[in-house]
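J.: Chains as they are written, first to last, in this note's numbering: chain H, 1 to 178; chain U, 1001 to 1118.
Derived from the structure by calculation, the hints contain no laboratory data.
Note that beta-carbon positions come from the ideal geometry of N, C-alpha and C, so glycine has one too.
There could be a bad hint or two in this list.
[What the hints assert, rightly or not] Here are a few chain H residues that face chain U, going by a calculated C-beta distance under 8 Å:
no., residue
1, LEU17
2, ILE19
3, GLY25
4, ARG38
5, VAL53
6, GLY62
7, PHE63
8, ALA80
9, GLY84
10, ALA91
[As the list claims (entries may be wrong)] Not the full set, but computed from the structure, chain U residues with beta-carbon under 10 Å of chain H:
no., residue
11, ILE1016
12, PRO1019
13, VAL1021
14, VAL1045
15, ALA1048
16, MET1049
17, TYR1054
18, GLY1058
19, TYR1081
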Amino acid sequence: MSDFSVIEWAAAAFIVLGIGFMLVGSIGVIRLPDFYSRTHAASKTDTLGILLVIVGLMILEGFTINMGKLAFVLIFVALANPIGSHALARAAMESGLKPLLFRKEEWDGTSVIADREGAGAGLASGAELASGADAPGGEGAGSASGDMPAKSRKGVTAGPKKQKKNGQTDDKSKGDSV
Amino acid sequence: MQTFLLVAVTILMVVIVIPLVRVWRGPTVFDRLLGANAMATKTIVLIAMIGYFYDRIGMFIDITLAYAALGFISSLALAKYMTAEAQPEDAQQGVAQPGVAQHETAQPDPAQKEEQDE
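Isolated chain U, as found in the complex (with noise of 0.2 Å):
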């Protein structure tokens, strides 16, 4: 069973490691937030299967549980930091507001609205 922990482990590992893609290259703020999302849900599995490699599973759930309730909360003030960062933006430029479709907006480059972005 050491041998079937430490492959799965180890192919976990790789698994996690394939959204950090999305982090580095993501369009927006967004995909970065989801690649770190992502990655932050299957360290929860990778913590508990550790546990059990180690057969120390009684303090490794511990970690297992902190860990979770970290990843869950810093996910929802990501969310809501970003929502309250972009719409002042908006009102200013008349980004992508429902109903201007027809106003002549102006086109701003799009390596300035990268970094405006980030």
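Next up, chain H with everything else stripped away, as it sits in the complex (with noise of 0.2 Å):
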């Protein structure tokens, strides 16, 4: 590795820094909570990711007739993949699911992440108020704030919702506190 030259110390440092940001964006899609979230990580990290490589097969090719088609598949990946993550955002905003955000305040009880998020926390819902209020930082806070004005607003008054719902934030305490 020490008999590099100056074009391919640069062709390596552009490979990789774009397959450094090619794994936070793996990362990224395997950790972040929410469909939309995850859709940001995909999208912008493998984009940057992808020209970052291409660009340093470039440098490594030259100047021949494979750089151009190389630029080809640079200008097409750098079109076609904001394309196609915003096509799919898009699809799963109209077929309903929601946010992460904008289910917390006003959920209605209907969407699979946060029904299955209330299944699993629906175990710990006795301390649910307490630990709610306690919960560290803006989160919890937004959270309880967001619980008056739903209930006065729009008088939900369902059992098993309002359950799912203090579920869920006492699972997103819990894993603030540790």
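Join the two chains into one complex using the hints; note that each chain is given alone, in its own frame.
T.: Set out below in structure tokens:
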């Protein structure tokens, strides 16, 4: 590796940087809590990572016809990847999947992810109000303050919904404090 | 340079496999599509780097172009299909339409909903 020329060092730097961005994007796809935030992780970091790696390969290639083809791939990816991600996010939005921020305040018990999280945290829904009020940071405060207007405005009094919602809050606060 | 490319391709293979976790246990079908799309877009770079590793970039770059176009078209088509698939279901059950938050919709149990979603 020590016998690289300057061109090869530059290409290697671009390739390493691009693979690093793609690694961050992959970790974000499996770690972020919501479909829309996962879309954010996947689309932006993948586009930038692919662009950087292809620029590195273009530097390695030199000025040939294959560099032109790589430039075409670069332009195509830079246009197509955000379009595909946007189409996917719009399809999810049109079919009724709500974002997590929106779901916390006026969740009507019909979203799939919230349903599943509520079912997972349903066992620990005993001390939900106390821990929800004790939650550190702006998240617990936001959900606690978002609870009251929802009740007064809409008159939502369903038992299971309330329980599941607070169970979700309980789960979040536990994850924050640990 | 060949050693560097070999190491880079190996690391990139590991990076490509990571979103398979999201395809396997995505809560919704859109998460699975997102994971598949992320894997497909990263595979473009993998093919180009394998072409440099074998010193036959003139052949592999065409494969890369075809793969990029195929991934883009399939992603768009699947997004359209999922939108068209999800609309009648929502109209039937009153699921998550804007403005029906006051309704007392029946709560289907999560396992059933999951099956429907897949």
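J.: Could you run down the list of hints and mark each one as holding or not?
T.: Results of checking the hints against the structure:
1. Interface hint at LEU17 (chain H): violated, since its Cβ lies 11 Å from the closest Cβ of chain U, which is beyond the 8 Å cut-off.
2. The closest approach between the C-beta of ILE19 (chain H) and any C-beta of chain U is roughly 6 Å, which is under the 8 Å cut-off, so the hint is satisfied.
3. For GLY25 (chain H), the suggested interface contact is upheld, since its CB lies about 7 Å from the closest CB of chain U, less than 8 Å.
4. With a least beta-carbon distance of about 6 Å to chain U, the hint placing ARG38 (chain H) at the interface is held under the 8 Å criterion.
5. Interface hint status for VAL53 (chain H): upheld, as the beta-carbon distance to the closest one in chain U is roughly 5 Å, under 8 Å.
6. Checking GLY62 (chain H) against chain U: minimum C-beta separation of about 11 Å lies over 8 Å; hint violated.
7. For PHE63 (chain H), the suggested interface contact is broken, since its CB lies about 14 Å from the closest CB of chain U, more than 8 Å.
8. The restraint placing ALA80 (chain H) at the interface with chain U holds, with a minimum CB-CB distance near 4 Å, inside the 8 Å limit.
9. Restraint check, GLY84 (chain H) versus chain U: the minimum CB separation of about 4 Å is within 8 Å; hint holds.
10. At a threshold of 8 Å, the smallest CB-CB gap from ALA91 (chain H) to chain U is about 4 Å, leaving the interface hint in force.
11. Look at ILE1016 (chain U): its Cβ gets to within about 8 Å of chain H, closer than 10 Å, so that hint holds up.
12. Annotation: interface hint on PRO1019 (chain U) holds; nearest CB of chain H at approximately 5 Å, less than 10 Å.
13. Annotation: VAL1021 (chain U) was flagged as interfacial toward chain H, and the flag holds, the nearest CB pair being 5 Å apart, inside 10 Å.
14. Among the interface hints, the one on VAL1045 (chain U) holds; its C-beta lies about 5 Å from the nearest C-beta in chain H, closer than the 10 Å criterion.
15. For the restraint placing ALA1048 (chain U) at the interface with chain H, the shortest Cβ-Cβ distance is roughly 6 Å, inside the 10 Å limit, so the hint holds.
16. A cut of 10 Å between beta carbons decides the hint on MET1049 (chain U): the least distance to chain H is about 7 Å, and the hint holds.
17. For TYR1054 (chain U), the shortest C-beta to C-beta distance to chain H is roughly 13 Å, which exceeds 10 Å, and the interface hint is violated.
18. Checking GLY1058 (chain U) against chain H by beta carbon gives a least distance of about 6 Å; that is within 10 Å, so the hint holds.
19. The interface hint given for TYR1081 (chain U) holds, since its Cβ lies 9 Å from the closest Cβ of chain H, which is under the 10 Å cut-off.
The structure fails hints 1, 6, 7 and 17 (numbered hints given earlier, in ascending order).
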